[in-house]
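Protein sequence lines, in the order shown, are assigned to chains A and B.
Numbering follows numbering that gives the first Met the number 0, in which position 199 of the first sequence is assigned residue number 198; successive positions increment by one, without gaps.
Numbering follows numbering that gives the first Met the number 0, in which position 72 of the second sequence is assigned residue number 71; successive positions increment by one, without gaps.
Some clues are possibly wrong.
As the list claims (entries may be wrong) - Chain A regions said to be covered by chain B (calculated; three or more residues, Cβ under 8 Å): (1) 180-192; (2) 196-210; (3) 225-234.
Said to hold, decoys possible - Computed spacing ranges between beta-carbons, pair by pair: (4) A168/A x G211/B: 28 to 36 Å; (5) R125/A x R125/B: 16 to 24 Å; (6) A330/B x D101/A: 34 to 42 Å; (7) R207/A x P280/B: 35 to 43 Å; (8) G183/A x R125/B: 25 to 33 Å.
Since the hints were derived computationally from the structure, they do not count as laboratory data.
Here the structure is a predicted model, which is why all the values come from computation and not from measurement.
Ideal placement from N, C-alpha and C gives every residue a C-beta, glycine not left out.
Protein chains: 2
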Amino acid sequence: MVEGPFLLYLGDKSNPLDVKTSRGLATFRSNDCIGEFREDSCPLTLGLPRMDVTQAVAAGARSLVLGIATSGGRIEEAMVPHILAALDADLDVVSGLHQRLDADPRIVERAKANARRLIDVRLAPRDLRVGTGQRRPGRRLLTVGTDCAVGKMYTSLALVAGMHERGMAARFRATGQTGVLIAGEGIVIDSVIADFISGAAEALSPAREDGGWDVIEGQGSLFNPSFAGVSLGLLHGAQPDALVLCHDPSRPHMRGLAHMPVPDLAICMAENLRCVRLTSPEAQFVGVSINGSQMDPAKASDLRARIEDELGLPCIDPVATGTGPILERIAARFPS
Amino acid sequence: MVEGPFLLYLGDKSNPLDVKTSRGLATFRSNDCIGEFREDSCPLTLGLPRMDVTQAVAAGARSLVLGIATSGGRIEEAMVPHILAALDADLDVVSGLHQRLDADPRIVERAKANARRLIDVRLAPRDLRVGTGQRRPGRRLLTVGTDCAVGKMYTSLALVAGMHERGMAARFRATGQTGVLIAGEGIVIDSVIADFISGAAEALSPAREDGGWDVIEGQGSLFNPSFAGVSLGLLHGAQPDALVLCHDPSRPHMRGLAHMPVPDLAICMAENLRCVRLTSPEAQFVGVSINGSQMDPAKASDLRARIEDELGLPCIDPVATGTGPILERIAARFPS
Numbered sequence: 000m001v002e003g004p005f006l007l008y009l010g011d012k013s014n015p016l017d018v019k020t021s022r023g024l025a026t027f028r029s030n031d032c033i034g035e036f037r038e039d040s041c042p043l044t045l046g047l048p049r050m051d052v053t054q055a056v057a058a059g060a061r062s063l064v065l066g067i068a069t070s071g072g073r074i075e076e077a078m079v080p081h082i083l084a085a086l087d088a089d090l091d092v093v094s095g096l097h098q099r100l101d102a103d104p105r106i107v108e109r110a111k112a113n114a115r116r117l118i119d120v121r122l123a124p125r126d127l128r129v130g131t132g133q134r135r136p137g138r139r140l141l142t143v144g145t146d147c148a149v150g151k152m153y154t155s156l157a158l159v160a161g162m163h164e165r166g167m168a169a170r171f172r173a174t175g176q177t178g179v180l181i182a183g184e185g186i187v188i189d190s191v192i193a194d195f196i197s198g199a200a201e202a203l204s205p206a207r208e209d210g211g212w213d214v215i216e217g218q219g220s221l222f223n224p225s226f227a228g229v230s231l232g233l234l235h236g237a238q239p240d241a242l243v244l245c246h247d248p249s250r251p252h253m254r255g256l257a258h259m260p261v262p263d264l265a266i267c268m269a270e271n272l273r274c275v276r277l278t279s280p281e282a283q284f285v286g287v288s289i290n291g292s293q294m295d296p297a298k299a300s301d302l303r304a305r306i307e308d309e310l311g312l313p314c315i316d317p318v319a320t321g322t323g324p325i326l327e328r329i330a331a332r333f334p335s
Numbered sequence: 000m001v002e003g004p005f006l007l008y009l010g011d012k013s014n015p016l017d018v019k020t021s022r023g024l025a026t027f028r029s030n031d032c033i034g035e036f037r038e039d040s041c042p043l044t045l046g047l048p049r050m051d052v053t054q055a056v057a058a059g060a061r062s063l064v065l066g067i068a069t070s071g072g073r074i075e076e077a078m079v080p081h082i083l084a085a086l087d088a089d090l091d092v093v094s095g096l097h098q099r100l101d102a103d104p105r106i107v108e109r110a111k112a113n114a115r116r117l118i119d120v121r122l123a124p125r126d127l128r129v130g131t132g133q134r135r136p137g138r139r140l141l142t143v144g145t146d147c148a149v150g151k152m153y154t155s156l157a158l159v160a161g162m163h164e165r166g167m168a169a170r171f172r173a174t175g176q177t178g179v180l181i182a183g184e185g186i187v188i189d190s191v192i193a194d195f196i197s198g199a200a201e202a203l204s205p206a207r208e209d210g211g212w213d214v215i216e217g218q219g220s221l222f223n224p225s226f227a228g229v230s231l232g233l234l235h236g237a238q239p240d241a242l243v244l245c246h247d248p249s250r251p252h253m254r255g256l257a258h259m260p261v262p263d264l265a266i267c268m269a270e271n272l273r274c275v276r277l278t279s280p281e282a283q284f285v286g287v288s289i290n291g292s293q294m295d296p297a298k299a300s301d302l303r304a305r306i307e308d309e310l311g312l313p314c315i316d317p318v319a320t321g322t323g324p325i326l327e328r329i330a331a332r333f334p335s
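Isolated chain A, as found in the complex (with noise of 0.2 Å):
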């Protein structure tokens, strides 16, 4: 639906997680990605080649990506020249924010005075419908996080990519932007209709008889007030047979909101287990996911080391050690 290659929007941005979605595509799509547009004001980069729109059609770029994060998902007006430009100069505009492109009656008309397309991420499919609970064969795996950007989506990419290694059956199924940017299929499970959440993640990942893995990617958490629902949902809905839990340690607070703590691991499982059993009473933790980069390594050793004791599962960083001890758990809880 997308056609790379990728120019890669930064705009302003200086916090690292409201690049998430373009670095999300710099890491997983890389071969896609050929530049990245940042504003002299951006201390960021994805250590790609700095281009405007017009360097990036000369390179090749076909799409410009707007992998950002913006308050309440609006196109600020800061980025509309440089939207109305991309187009003027031939790119196809994607966005993974919830305020559509097609909202804005200056980008409609110069996307189709240059014949160019306006790709929406978040629009939900139409045919949704509310969840069941109903079971449904198939095994399944959640990622579940104590706050929201925790490493949720690395995490279940980086589980696909050993369960393949290990020639297991697996399929990542994409609950947001980034996720169904690099899959090229999936449901942005924040932007459907409330009433559908649960049915959403029925319909994402449904019945299946081959014995192979779906791995759901999962969105927010339990303990934010700002996304809980979205996340009750998503476990209801994935009925999970496996549960990874995915944890920033270097968070000091719920993102964006200073008078929220992130909840202590075990609390945030047990939490976790208490909702999922409505719909699978059977589920389990088969590990943890650590987030280490902004850590000293020694030091985010030491803490996956402790928390392996407490909590007695294994705890990996992908980045660091990959997700070995996670999927030798599963081989051993759920043999094929």
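Following the hints, put chain B in place on chain A, whose structure we already have.
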């Protein structure tokens, strides 16, 4: 926004729960309800004169209200001829369904030809933001339930009426299509984008400094796998001081889900308290509200006594007993 008098549509529905919106209007805006439209096969009545659209217009009706529930909130094909006939007869058409009236070109064309309005109550406000969980002043009561359609709206409206009788400042905050039609304002919270559930609840009942109560209509149930995400987001966003548990003892299983049992009242309360504490650490239950309409009165009375005994809370039936005992509990626990 919606013009009475109303002709209330029952269609061919045979389950009383499926005509909840029409019945809500007949009960709480009885002066505005002039007749009911039903097929010969419909065994239900709201006690209003049966009319076709022409008769309704002759009697003074201004709007046809599609106050029914359908699978997935769709406009069923059998409804379309009646909608077109209503528009031809010069009625506005009001819908609480998910599927928008203007999604059907036949309906749009006919409305245009007759210069009538199509009103979708579920259309969410455009300017919603994600919730923050930040504490705000004001006293708020939220009704929660063992399931959906157990009497949360009815109980909320009865509590507001009782508060007004006692001279308390109180306002009903509608979160469902029926409630919004009755109140003339509100947000149909299961229709907002999933990311904005708790934010919509925060917007619906903003900071309040007069010592009065916002009585917020609950939705769904934490134990209903179709809608629990909505219930959780509402719980977090509402920041209730007081909770009332609503229950229909005649429900054999969760609505429409024969495989899902109705939760035990004490377990349901404990789970709501556990979840609500994320944003409202001091929230407490102030009563239980039973829908005893399908029960023998003596048995219903025994059941209420047993619940009071077991849970140590007043147990009312808003129709049979009024809301007095819960209002007394509120007065005692929240002195003005």
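Results for each hint:
1. 180-192: Three-residue rule met by the region 180-192 of chain A, so holds; n is 5.
2. 196-210: With 3 residues close enough to chain B, the hint holds.
3. 225-234: Since three or more residues must qualify, the claim that chain B covers the region 225-234 of chain A holds, with 9 doing so at under 8 Å.
4. A168/A x G211/B: 28 to 36 Å: violated, 59 Å
5. R125/A x R125/B: 16 to 24 Å: For R125/A and R125/B the Cβ distance comes to about 20 Å; the hint holds.
6. A330/B x D101/A: 34 to 42 Å: violated, 53 Å
7. R207/A x P280/B: 35 to 43 Å: holds, 42 Å
8. G183/A x R125/B: 25 to 33 Å: Cβ of G183/A to Cβ of R125/B: about 30 Å, so the range 25 to 33 Å holds.
Checked against the numbered hints above, the structure breaks hints 4, 6 and satisfies the rest.
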